[in-house]
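Construct all of the structure, not just a fragment, from the sequences and the given hints.
For the record, in the sequence shown the residue sitting at position 189 is 192 according to the numbering used here, with numbers rising by one throughout.
Hints were generated in silico from the structure; no laboratory data involved.
Glycine included, each C-beta is placed from N, C-alpha and C at the ideal position.
Be aware that one or more of the hints could be misleading.
To be verified - Lysine to any residue pairs mimicking SDA-like chemistry, simulated, CA-CA at most 20 angstroms apart:
(1) K135 <-> I154
(2) K135 <-> R272
(3) K40 <-> A106
(4) K40 <-> K135
(5) K135 <-> L52
(6) K40 <-> V105
As the list claims (entries may be wrong) - Pairwise CB distance ranges, derived in the manner of DEER restraints:
(7) T276 <-> A48: 39 to 45 angstroms
(8) K135 <-> A82: 24 to 30 angstroms
(9) V249 <-> M167: 41 to 47 angstroms
(10) Q322 <-> G163: 36 to 42 angstroms
(11) K135 <-> F100: 28 to 34 angstroms
(12) I297 <-> I269: 23 to 29 angstroms
(13) Q296 <-> T10: 30 to 36 angstroms
(14) G163 <-> G277: 26 to 32 angstroms
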Amino acid sequence: MDNSRPTSALAQRSTRLAFLIAGFSGAAWAPLIPYVKLRCGLTDAHLGLLLLCLGMGSIIAMPVAGSLAGRFGCRWIIAIATLSVCCTLPVLASSDFMPFLVAALAIFGAGVGSIDCVINVQAVIVERACQKTMMSGFHGLFSVGGLLGAISVSGLLGFGFSPMQASLFVIALLFLSGGLALPGLLTGRTSSGDELAFAMPHGIVLAIGIMCCIVFLAEGAAIDWSAVLLTTARHVNMRYTGLGYVAFASTMTIGRLLGDWLVRHIPGRVLVTGGSLLAALGMLLVAGVPVWQITLLGYALVGAGCANVVPVLYSAIGQTRIRLGLEIGQELTLVEMADGIKLVKRNLKLERQMQMARETLREQADVLQELAKR
Numbered sequence: 004m005d006n007s008r009p010t011s012a013l014a015q016r017s018t019r020l021a022f023l024i025a026g027f028s029g030a031a032w033a034p035l036i037p038y039v040k041l042r043c044g045l046t047d048a049h050l051g052l053l054l055l056c057l058g059m060g061s062i063i064a065m066p067v068a069g070s071l072a073g074r075f076g077c078r079w080i081i082a083i084a085t086l087s088v089c090c091t092l093p094v095l096a097s098s099d100f101m102p103f104l105v106a107a108l109a110i111f112g113a114g115v116g117s118i119d120c121v122i123n124v125q126a127v128i129v130e131r132a133c134q135k136t137m138m139s140g141f142h143g144l145f146s147v148g149g150l151l152g153a154i155s156v157s158g159l160l161g162f163g164f165s166p167m168q169a170s171l172f173v174i175a176l177l178f179l180s181g182g183l184a185l186p187g188l189l190t191g192r193t194s195s196g197d198e199l200a201f202a203m204p205h206g207i208v209l210a211i212g213i214m215c216c217i218v219f220l221a222e223g224a225a226i227d228w229s230a231v232l233l234t235t236a237r238h239v240n241m242r243y244t245g246l247g248y249v250a251f252a253s254t255m256t257i258g259r260l261l262g263d264w265l266v267r268h269i270p271g272r273v274l275v276t277g278g279s280l281l282a283a284l285g286m287l288l289v290a291g292v293p294v295w296q297i298t299l300l301g302y303a304l305v306g307a308g309c310a311n312v313v314p315v316l317y318s319a320i321g322q323t324r325i326r327l328g329l330e331i332g333q334e335l336t337l338v339e340m341a342d343g344i345k346l347v348k349r350n351l352k353l354e355r356q357m358q359m360a361r362e363t364l365r366e367q368a369d370v371l372q373e374l375a376k377r
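Structure below.
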């Protein structure tokens, strides 16, 4: 590297902060979705098409970001991607002009997708150089950032702040945290210069990518369908349907924060196999036992089982006989693109859940008005 060593404490701290930024920036947009729909008068179908722009921007940008990270390093790719997120958030929070929204959402998706891809390139290089397990902890901070982003923006909106004010709060935090992370992010060419701009994954790397995609599908099932299952099949009051996601996300976050310790004491293949079996058991409980408490337990097991599978597999990519930088970016792009598709599904699902909550509150308000008239 030109200006920073991957073994330095600064590089390690910056990598952790970059994962926190990635989780925070992606989750901060989700609470703004209902406001976009209301402001523009969109139907569910039209909103779904609009949200596809985010996924398309993310998927298109990931291979480019992975290749650029190999040629120019991670620092400036992450900086430019974070800046693009900051520039588009005010448009998403205020505009009702559809062409602007389409362009802003595509650029926002490209920024989020690029950050997600390149931080994993940085993480693999730092972990390989330091020769110690760090990947699970990195991904644990991504989960923490996602929770902080969703909670903080939702809290601001709940206290009466406008979407624009909430977006400015997010931008301020991103600038502050980005400035702190920037000095330790890796710079300079990380590849030898004779690689192709893009190479199709093959062999063991392709197998690892497919395994990551399967785990992402399991995570997506818990995120997308937990509330619907609890409402329709377990007859849980709609106010408590978020408990399924809470159970899943809590055990996943805790598992990832403890993951580095687990990897040091348990072989990676045991963690992957055991985690997969634990997640499968959780899915079996969710689908097969018609008791809502058992369903919540099942989602908790899915989160605990999936927590460290992807971080261990990402570390395995870094341990394969591939060159640093460009090729790592290309291989990680395969699995990150699957996560980009999951991001679109998550946004669609969240919007539907918030719409259901608004309808329930509206019905309760109508009942109170009728009682007041009497």
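Do the hints match the structure? See the list:
1. K135 <-> I154: violated, 32 angstroms
2. K135 <-> R272: holds, 16 angstroms
3. K40 <-> A106: holds, 16 angstroms
4. K40 <-> K135: violated, 46 angstroms
5. K135 <-> L52: Given pair K135, L52 is violated - Cα atoms ~43 angstroms apart, limit 20 angstroms.
6. K40 <-> V105: Since the Cα atoms of K40 and V105 sit roughly 13 angstroms apart, the hinted pair holds (cutoff 20 angstroms).
7. T276 <-> A48: 39 to 45 angstroms: holds, 42 angstroms
8. K135 <-> A82: 24 to 30 angstroms: holds, 27 angstroms
9. V249 <-> M167: 41 to 47 angstroms: violated, 29 angstroms
10. Q322 <-> G163: 36 to 42 angstroms: violated, 51 angstroms
11. K135 <-> F100: 28 to 34 angstroms: At roughly 50 angstroms between Cβ atoms, F100 and K135 fall outside 28 to 34 angstroms, so the hint is violated.
12. I297 <-> I269: 23 to 29 angstroms: At roughly 27 angstroms between Cβ atoms, I269 and I297 fall inside 23 to 29 angstroms, so the hint holds.
13. Q296 <-> T10: 30 to 36 angstroms: violated, 48 angstroms
14. G163 <-> G277: 26 to 32 angstroms: violated, 47 angstroms
When each numbered hint is compared with the structure, violations occur for hints 1, 4, 5, 9, 10, 11, 13 and 14.
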